[in-house]
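In case you want the letters, here they are:
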Amino acid sequence: MKLWLGRAVVLVVALLAWEAVARNLDPILYVGPSRLPAALGRVMSVRDLPPLGSHLWLTLGEVVAAFLLAVASGLWVGFVLGLQKTLGRIYEPLLAVLYAVPSVIWYPSLMLFFGLGPASKIAFGFLLGFLPVTLSVLAGIRQVPESLITVAVSMGAGPGAVFRKVMLPAMAGTLAGGLRTGLALSVVGVLVGEVLGARAGLGYVLTYAYGLLMTAEYAALVVIVAVAVLTVDALGALVEARVRRWAD
Amino acid sequence: MGRLAVLRWQVLSVAVAFLAWEAAVRVGLLDPLFVPAPSMVLRALPSLAAEALPRLLDTFGKTALGYAIAAAVGVPAGLLLGSRRLLHDVAMPYVVALYGVPKILILPWIALVFGIGLSTAVLSAAVFAVFPIVVLVAAGARDVDPTLVTVAVSMGATRGQIGRKVLLPAVLPSVLTGLRIAMVFAILGVLLAEMLAGHRGMGYLMQRQAMAFKAPELFASTAIVSALSVSVVLFLEHLNRRLGQWR
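Residue numbers (the numbering used here), protein chains in the order written: chain D, 1 to 248; chain L, 1001 to 1247.
Treat the hints loosely; a few may be bogus.
To be verified - Chain D residues, not near chain L, derived (Cβ > 10 Å throughout): (1) Val12; (2) Leu36; (3) Ala38; (4) Leu40; (5) Gly41; (6) Gly53; (7) Val64; (8) Leu68; (9) Val80; (10) Ile141; (11) Gln143; (12) Gly158; (13) Gly160; (14) Ala161; (15) Gly177; (16) Trp246.
To be verified - One-sided and incomplete, this derived list gives chain L residues near chain D with beta-carbon spacing under 8 Å: (17) Trp1009; (18) Ala1097; (19) Ile1104; (20) Leu1105; (21) Val1113; (22) Ile1187; (23) Leu1188; (24) Met1206; (25) Gln1207; (26) Phe1219; (27) Ser1226; (28) Val1230; (29) Leu1234.
Stated by the list, open to error - Partner residues are not named here, just some residues of chain L that face chain D (Cβ under 7 Å, in silico): (30) Phe1034; (31) Val1101; (32) Pro1108; (33) Leu1191; (34) Ala1210; (35) Leu1218; (36) Val1225.
Note that these hints are calculated values from the structure, not bench results. By construction, the Cβ of each residue, glycine as well, lies at the ideal position given by its N, Cα and C atoms.
Chain D extracted, bound-state conformation:
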């Protein structure tokens, strides 16, 4: 209880400080929190922009498509490399090297290939989400105790039963963590793509408002998108905690 009070105080102080600083500076560059609600209302009713709802749905659709692709191929590649140990030893290091490459360098090539439409955003979101999903499957499979599998097989369990009763519980927590990271990165990928060059979507609206120096509207949009992203991640954390409890 005291903890929540402390956190609330930090938040209020931060907002007040932000407001106090913004008041004394250029109002075009610095937008205090008190101006956000009105700006939010204006964002909803700007005539030059198509309704925010349709952009929101587009971005959401891109994220879902990117994430589903990342999960499908990440699970597939992860299980192939994890179950075929030889393949895993050869190709896992090659995949891990990609972690040392700043992902955004792929985006210009994707933009060139897929154009400015949703396809390049989906491709980039997929690319970012794919790696953590794959690597979490590989890490998860390593956590399955070999002896348990041997015991289960010797007691006559088929491959399906071994997978469901032995492997899945042992790797579920790691896998859930990887899926959550993958989702967060798919969201980032789509947003980066939309900000760097798009004709629709939340990132486009954001850069549009910013390009017209509608900074209050831009700030309001940043807050909305940030809250949405954090909400999605919090839901992911909830699911992850559930899965971990089930697996234990």
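Assemble chain L onto chain D, guided by the hints.
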């Protein structure tokens, strides 16, 4: 399978992949306007080198600056957050939340305030890199076994000795891990800033090459930047291991 055999298969697979790519372009499965063959990319390299070199210096110089800022802010902040229980419990949710917010959202604002020059890219690198450092260092500092400190105190160690001989070796691994991970984030921050609002650097160049449909040059730039950042990260990893041995 021995390490050498693994390496042989890795080299072979990469070679086969490149050959298949080359063949796919030659027989017309891939349009070279969008996906140039590796041979075309290689041919583009020499002419690109002259243009790329100053830009690479520019990009990686900005990365170094932003990275240094992130380390100078992030390590002390992480140590502070990790060692003060109350502070950790109150402030950490906000740090984690800020870590989770896509930085690309505020990048246009940074560019608006700081212009399209050096400081936007440096600041972007610092913003991207500081959070992994803070979170990892705080976690490491929190996990220092308190009995180590108690034992050292009971044996008459001074504060300075405890810091140098007990705490430093205990938190060093997480500091180094944080610093290693942050490097990729710093490079990413600079490239992204250059793509969004730059007039120099590799990110700007790549974005322009994409807009101008210069696919071979774009692929060559991509190859150069990724090779460089992989070597920087591998170098840091090597450094890590050396320091680990010292410990």
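Discussion item. For each hint given before, does the structure comply? Return the numbers of the non-compliant ones in rising order.
Written reply: none
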